[in-house]
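Required output: the full structure, derived from the provided sequences and hints.
If you read the protein sequences in the order shown, they are chains A and B. Be aware that the first sequence starts at 207, since it is given in our numbering, and climbs by one per residue. Be aware that the second sequence starts at 207, since it is given in our numbering, and climbs by one per residue.
Intra- or inter-copy, both count: the list cannot distinguish identical chains.
Computed list of lysine to aspartate or glutamate pairs in DMTMM-like fashion (alpha-carbon distance at most 25 Å, straight line):
#1 Lys213 / Glu251
#2 Lys213 / Asp261
#3 Lys213 / Asp299
#4 Lys213 / Glu328
#5 Lys213 / Asp306
Simulated from the structure, these hints should not be mistaken for laboratory data.
2 protein chains.
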Amino acid sequence: MHSGTIKVTLTAENGREIILYRVRPGEVCLQTFGCLVNGTSYSAEGQAETDLEIDIVPVGEFQRLVVQDADFRQQLFAAVATRFADLERLVEDVALSPIDARLARALLRMMDEQGQVTATQEALATEIGSVREVVSRQLNAFARDGLVELTRGHIAVLAPNRLDQLSHPAV
Amino acid sequence: MHSGTIKVTLTAENGREIILYRVRPGEVCLQTFGCLVNGTSYSAEGQAETDLEIDIVPVGEFQRLVVQDADFRQQLFAAVATRFADLERLVEDVALSPIDARLARALLRMMDEQGQVTATQEALATEIGSVREVVSRQLNAFARDGLVELTRGHIAVLAPNRLDQLSHPAV
DNA sequence: ATGAAAAGCGTGACTTAGTCACATACTTAA
DNA sequence: TTAAGTATGTGACTAAGTCACGCTTTTCAT
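In structure tokens:
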């Protein structure tokens, strides 16, 4: 019934961009939740990453569903809770984690079963709220340590376990 | 009926701390919203800043109120929307704004009608997700430019308008 | 097919922010 | 009134971000 993902990003005046979170199939997208409730508008921007197949719920219908449809309510609340968790994790990441840990986590999140990550360094930078140059240097540092192997447009993760250690709160 | 404020903070392993948002009188506190919905727990920590007088709503009661009490629902959704806006602003701040702008915004937010801010530099640092030393240096830079006057435990804002300019997206 | 443009990556030099270590001044309470 | 705790200032260093390039690979129009 639903398919495709939406990434919600924030863009600064200087062009720097950070991914706030992603909305996945089966989730309720809350981008306009503020509007539904009190007309608040977000500065964030949603962008489809793939072809989309979604249901759009008009405001009146939304109000009705919340009251009458326990299932909808459940999904809605779950979506809200997930967004909170995502955003809190993001704040923690950006404000309090060093870049090597953030990059390590991103690689682990994004790699497939074969340990392949298909993404440009630019995309990785946006993913972790940093910039290409920093990602480039850090990836090369990882590569020097034998943690990954780099080729244009993707990264092969050689030592997921060691990345995982890095990704954890280094004391 | 309700009084006092709660600050919700995130603390890293290294002891660095950042304020996620505040819950004010009349607002619904969502700290445990995840729990209400699906048992997710937050890593964030709530802390009363003043004496509190609050209503605590048990889970069963919550479910009932959401369905039956339109007013409660309205308040709840408003709280959710506010939190989102807060968190998005915070991410934007931390990830994309230089610290002079962040500090300027914090001072403007926190000052009273006489332009007095009563807070230690340590507290200001937590407020903007930075550290004391950086705040100290930045405040002294502001002072050198005649924007503020510093005394132990508080800051006198002399030129709110110029701070406001600083606080805006410097191109 | 080929040459130009665009996309992706690497890197040096520099700026800004955060860390560490320590000095100094003010405040409070025994 | 002095010792302990709190608040601040500062130099030296590290980490991250910015700026300005250059180089290679891919894409695409002709």
